[in-house]
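Let the sequences and hints guide you as you build the complete structure.
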Amino acid sequence: MLVSRRRLLTTLLQAQKWPFQPSRNMRLVQFQAPHLTGPHLGLESGNGGGVINLNAFDPTLPKTMMEFLEQGEATLSVARRALTAQLPVLPRSEVTFLAPVTRPDKVVCVGMNYVDHCKEQNVPVPKEPIIFSKFASSIVGPYDEVILPPESQEVDWEVELAVVIGKKGKHIKATDAMAHVAGFTVAHDVSARDWQMRRNGKQWLLGKTFDTFCPLGPALVTKDSIADPHNLKICCRVNGEVVQSSNTNQMVFKTEDLIAWISQFVTLYPGDVILTGTPPGVGVFRKPPVFLKKGDEVQCEIEELGIIINKVV
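Residue numbering for the sequence shown follows the UniProt record's numbering, beginning at 1 and increasing consecutively.
No lab work stands behind these hints: they were computed from the structure.
Among these hints, one or two may not hold up.
[Claimed, not checked] In silico BS3-like links for lysine-lysine, alpha-carbon gap of 25 Å or less:
#1 LYS202 <-> LYS293
#2 LYS202 <-> LYS233
#3 LYS127 <-> LYS202
#4 LYS254 <-> LYS106
Please read all numbers here as calculations on a predicted model, not as lab measurements.
Given below as structure tokens:
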């Protein structure tokens with residue numbers, strides 16, 4: 001009975017929280033600028049805004065997101081203070097956005113994780129998460145180019161919600177999973193379908209992990225800045241035409257279930273990235289199939305998180 005009352009109280013508090021308390025809207029970024037040496041950590045001043053230099057605010061802060069996340073609450077509290085201070089904002093035109101996380105220990109991906117994506121393939125919804133991976137070397141920034149490899153003629157688009165781990169864990173319970181999440185970002189799971197579906201014994205890895213096949217960004221939006229990560233509009237546009245349009249409420253396995261499942265097999269570390277699957281509308285299942293070509297521009301956008309734009313070269 002006591003547990004039930006606590007749950008009811010928590011539900012009521014959460015119900016009150018969102019209408020009356022604006023989110024802190026913490027949007028962590030890694031960036032470079034001509035007047036700065038090497039990568040720096042910053043805060044994006046709102047979706048599509050300029051950048052506050054966190055390292056200028058506190059020179060003791062690490063300059064990479066991996067180190068920032070490893071230090072946990074200590075560094076997050078500094079970033080929160082920076083949010084409330086009246087700090088100078090570098091114009092967006094003067095900075096180069098890097099991927100919010102670079103060189104993580106692992107990039108874990110989930111296949112067939114949207115109900116509507118399963119329907120477009122005419123396949124049953126999975127009973128257990130389908131897991132594969134990309135190598136960290138596939139990660140590029142939110143506005144970097146995607147390079148068409150000469151080894152593939154069937155390169156496809158996939159917009160995805162990415163989860164960034166903030167706290168180490170193994171055998172994590174679903175009920176505890178969100179305590180291990182730092183935040184969310186937009187991912188483009190670029191896929192070479194010939195290598196994924198026909199070559200290499202039909203194992204997915206090689207088709208998913210060519211260099212530049214994992215654009216991320218523009219910001220790591222902390223979990224407390226998002227009302228509900230499982231109710232966000234998600235879309236992809238190729239040359240301005242909407243090719244994917246869905247909602248993260250179509251995910252078969254939510255963030256908590258995925259973390260619980262994956263952490264049975266591997267230890268999750270701060271900075272690890274989980275790509276949670278793509279909605280319908282990919283090129284390979286169109287009639288006839290459509291693939292990316294040189295000169296195309298792909299825009300992947302998720303409500304509250306932002307937009308990444310990658311030219312295909």
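Which numbered conditions among the earlier hints are violated in the structure presented, ordered from lowest to highest? 2
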